[in-house]
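Visitor: Sequence:
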Amino acid sequence: MALMGISTRYKTKAAAILIVVLGGLSLLFINSSAALAQETPVAARTQNAAQEEGQPWNIRCSGEEVAPERACEIFQRLTLAKTGQRVSEFVIGLSEDKKNARGVLILPLGILLDNGIEMQIDDDQIFKFKPRYCVNDGCYAFINLDKPLLSALKKGGVVEFRAVALSGKDIKIKMTLQGVTKALRRAAVLY
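Everything in the sequence shown is counted per this note's numbering, starting at 46 for the first residue and increasing by one.
I should point out that these hints are in silico values taken from the structure, not numbers from a laboratory.
Hints are not guaranteed to be accurate.
What the hints assert, rightly or not - List of simulated lysine-lysine pairs, BS3-like, C-alpha gap at most 30 Å: (1) Lys143 x Lys175; (2) Lys217 x Lys175; (3) Lys227 x Lys143; (4) Lys173 x Lys217.
Construct all of the structure, not just a fragment, from the sequences and the given hints.
Guide: Written as structure tokens, this is what we have:
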């Protein structure tokens, strides 16, 4: 290890500096989630993705355009109007076995993980699921989109995601479902 030849006095100072730096980083993440809560998100276009004019759903694919192994997904991203920073993103694509649809929700850092996430389409049933992990660019949650739930997304007008921030404030993120069926068809996700 790099610290083996260093005296105990310097090891203690190095540990104290590391604690201060890590504490400062955690405050940065908490403050950035507070800033996200204060600014209004807007739908954004994304580079390297196909989008029809006036449609909120983007399509991105991997692999060659004509290859049968091409995998596509649709997504809608909400960003802050002033900074362009992503607030959240909802992705619909195929599961790894390519037999079922799967949703991926990316939320900002600074949410309470134990409370989980609620998803509601229009005023219908509430679906609950938990974030799986958080990394520098956000917290990721996965939801299995069985046929009834995928059908509800296609027929719905708005999907709302709810979580709780570290501050205890409720976070509500609404996304339009306008154009989701057309985008799913174009991306060949379960069509």
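Visitor: The structure should be examined with respect to each hint, and the outcome stated for every one.
Guide: To see whether the hints hold, each was checked on the structure:
no.	hint	verdict
1	Lys143 x Lys175	holds (23 Å)
2	Lys217 x Lys175	holds (16 Å)
3	Lys227 x Lys143	holds (19 Å)
4	Lys173 x Lys217	holds (14 Å)
Against the hints set out earlier in the document, no violation occurs for any number.
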